[in-house]
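Those protein sequences? They're chains A and B, same order as listed. Residue 12 in my numbering is what sits at position 12 of the first sequence, and the numbering runs on without skipping anything. Residue 170 in my numbering is what sits at position 170 of the second sequence, and the numbering runs on without skipping anything.
Where chains are identical, the list cannot tell them apart; a pair therefore holds if satisfied intra-copy or between any two copies.
In silico lysine-lysine, BS3-like type, Cα no more than 27 Å apart, as pairs:
(1) Lys166 to Lys77
(2) Lys166 to Lys289
(3) Lys77 to Lys116
(4) Lys298 to Lys43
(5) Lys43 to Lys296
Honestly, the hints are just simulated from the structure, not real lab data.
So the chains spell out like this:
Protein chains: 2
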Amino acid sequence: MAKNRLSVSEYIQGVLHSDRVILSRAITLVESTLYSDQLIAEKVMEGILPYSGNSIRIGITGVPGVGKSTFIESFGKALVDKAHKVAVLAVDPSSQQSHGSILGDKTRMENLASDKRAYIRPSPAGSNLGGVSARTREGMLLCEAAGFDVILIETVGVGQSEIAVKGMVDFFLLLMLAGAGDELQGIKKGIIEICDAMVINKADGVNQDAAKNAQREYANALHLFPEKQNGWIPQVKTCSAVEKTGLDEILEMIMGYRERMLANGYWDHNRSEQRINWLHEHVRYLLEKRLYQNEKIKNHLDQILPDIRSGRLSAIAKARELVDLFTEKSKGDK
Amino acid sequence: MAKNRLSVSEYIQGVLHSDRVILSRAITLVESTLYSDQLIAEKVMEGILPYSGNSIRIGITGVPGVGKSTFIESFGKALVDKAHKVAVLAVDPSSQQSHGSILGDKTRMENLASDKRAYIRPSPAGSNLGGVSARTREGMLLCEAAGFDVILIETVGVGQSEIAVKGMVDFFLLLMLAGAGDELQGIKKGIIEICDAMVINKADGVNQDAAKNAQREYANALHLFPEKQNGWIPQVKTCSAVEKTGLDEILEMIMGYRERMLANGYWDHNRSEQRINWLHEHVRYLLEKRLYQNEKIKNHLDQILPDIRSGRLSAIAKARELVDLFTEKSKGDK
Numbered sequence: 001m002a003k004n005r006l007s008v009s010e011y012i013q014g015v016l017h018s019d020r021v022i023l024s025r026a027i028t029l030v031e032s033t034l035y036s037d038q039l040i041a042e043k044v045m046e047g048i049l050p051y052s053g054n055s056i057r058i059g060i061t062g063v064p065g066v067g068k069s070t071f072i073e074s075f076g077k078a079l080v081d082k083a084h085k086v087a088v089l090a091v092d093p094s095s096q097q098s099h100g101s102i103l104g105d106k107t108r109m110e111n112l113a114s115d116k117r118a119y120i121r122p123s124p125a126g127s128n129l130g131g132v133s134a135r136t137r138e139g140m141l142l143c144e145a146a147g148f149d150v151i152l153i154e155t156v157g158v159g160q161s162e163i164a165v166k167g168m169v170d171f172f173l174l175l176m177l178a179g180a181g182d183e184l185q186g187i188k189k190g191i192i193e194i195c196d197a198m199v200i201n202k203a204d205g206v207n208q209d210a211a212k213n214a215q216r217e218y219a220n221a222l223h224l225f226p227e228k229q230n231g232w233i234p235q236v237k238t239c240s241a242v243e244k245t246g247l248d249e250i251l252e253m254i255m256g257y258r259e260r261m262l263a264n265g266y267w268d269h270n271r272s273e274q275r276i277n278w279l280h281e282h283v284r285y286l287l288e289k290r291l292y293q294n295e296k297i298k299n300h301l302d303q304i305l306p307d308i309r310s311g312r313l314s315a316i317a318k319a320r321e322l323v324d325l326f327t328e329k330s331k332g333d334k
Numbered sequence: 001m002a003k004n005r006l007s008v009s010e011y012i013q014g015v016l017h018s019d020r021v022i023l024s025r026a027i028t029l030v031e032s033t034l035y036s037d038q039l040i041a042e043k044v045m046e047g048i049l050p051y052s053g054n055s056i057r058i059g060i061t062g063v064p065g066v067g068k069s070t071f072i073e074s075f076g077k078a079l080v081d082k083a084h085k086v087a088v089l090a091v092d093p094s095s096q097q098s099h100g101s102i103l104g105d106k107t108r109m110e111n112l113a114s115d116k117r118a119y120i121r122p123s124p125a126g127s128n129l130g131g132v133s134a135r136t137r138e139g140m141l142l143c144e145a146a147g148f149d150v151i152l153i154e155t156v157g158v159g160q161s162e163i164a165v166k167g168m169v170d171f172f173l174l175l176m177l178a179g180a181g182d183e184l185q186g187i188k189k190g191i192i193e194i195c196d197a198m199v200i201n202k203a204d205g206v207n208q209d210a211a212k213n214a215q216r217e218y219a220n221a222l223h224l225f226p227e228k229q230n231g232w233i234p235q236v237k238t239c240s241a242v243e244k245t246g247l248d249e250i251l252e253m254i255m256g257y258r259e260r261m262l263a264n265g266y267w268d269h270n271r272s273e274q275r276i277n278w279l280h281e282h283v284r285y286l287l288e289k290r291l292y293q294n295e296k297i298k299n300h301l302d303q304i305l306p307d308i309r310s311g312r313l314s315a316i317a318k319a320r321e322l323v324d325l326f327t328e329k330s331k332g333d334k
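Okay, chain A solo, but in the shape it has when bound:
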């Protein structure tokens, strides 16, 4: 990274002038784990911060096979056709277990990717969740500063990623399929509780009736959940990403949500809370990094790890020993 580094003002000016090459390099910069890169990234973020925030941030999740990439392509196209500028980012936890391909496959979303009014950022390979979500947030702000007014954040996974994405968006959309039988069986209860809308995809051809039935069932089921703090009752819509139907209704719903939440103050309240969480997440990230890079900690860890591993030493007592060592001895260390 360091060798191709631009100056702080070159990054800021490039992003503010919607230079896609510089936008991409700025996102790469914030993703860098090098200390020297991070200091520059922080200055870049400070510089673009006043120009960020002017977008609708939409999180999109759903199980594999639900058609997320086709939906994002069709919905993104519908948005740019209405003069929006759309950026697509991904939070991908799949690398924890196996190597996932969310947004990583260059052949996906070809139509949207080639559209000048859209920007698609593949997710970095081999990255861990905490890091990705933190950097996705910064990537989102950079895209906003570059003039994108709708940010779509795609995620798939095992819960953590949905919570992370929920923590950085204005609207959270759960994509689903109509299935025969008990409609609520396989659904993650926690996800239903945090989504602002369900969209039943593939409502086309012979699936249309099933989709309508599922819509009715889910709409009834959603009434069983406690009312949200913001007064919003999650909506259930149907669409066909392939046939490009139902997309305008989804956009209208989201715009309606925005209007209501701006009016009742929840929009700003939610973003304020998210900024506070962002601070705490980054404190945690820096704090742990600094502890484990401390030479005295490293040496002490080398000594105790074999006995922690074998169970001879108690992990919680040694954890306190490490934290004591770090907070007493960190003065002057870097």
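We have chain A already, so just place chain B on it with the hints.
Just chain B now, kept in the frame of chain A:
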């Protein structure tokens, strides 16, 4: 807590003598967030550590409605009838969104709860996930030191809790129901990847055929996943917790797993890795706690929070400022 505190050796001796009242009080002690309690809890944990580990730790998850508590009651009863001593603990993330009732409802598992060979610990109310999972681990070790040789850890939720439980058990079991239609639709891909077995519950009466079909489909589907590091291919079983059928086969499967993993070294390897993670999780917990309790940090936070909230200050730059302040000034502070 402090007023009813026993001495360290009273806790240790009580637990080692399987005194249930003292076991419960010891678990309450490790759950306490008081600094003075935590210091005692650490000494208690150090004392019981050599006597822990002699159990099979089984994580059990599944969506609401799958029959987890009935399964745990029936399975637990089958275990005690085979001369096992069974402890049941819970990791409950539901308090993040709404107030859940996992193991909190006293009327649940009445039969098992009244059995002297079993011990059921309700989950603490209003606790956060990170804390609960850390303390569940300590509760598990205390139960082992008290002589329980099978620990069942129940969880339900949105993914984080499953990952947390997976990180502290030997065997992870996913309870499911047979549904008509596409069997794989609603399933959390991530959970399938981390489970060691699926059990299709409610395989009774008219559901038996559907359960058998589902068993076949899932067994086929599981072959599509990459082979696990330990050479184990996840099994699919059926059972009826209500009619108490299929439970012995599940126990045999788990015992077979244990035998194979002990033989190939994975059993110990996995537990060693879990102990290392336990150390890192507790370091994170203590580090954050110490930072936010630091007076200088508190004052600085008070000053900057309004501008973080409004978006005028950059969260990542201020996070570094806080961590700098903490690591430079923490000497001598408590």
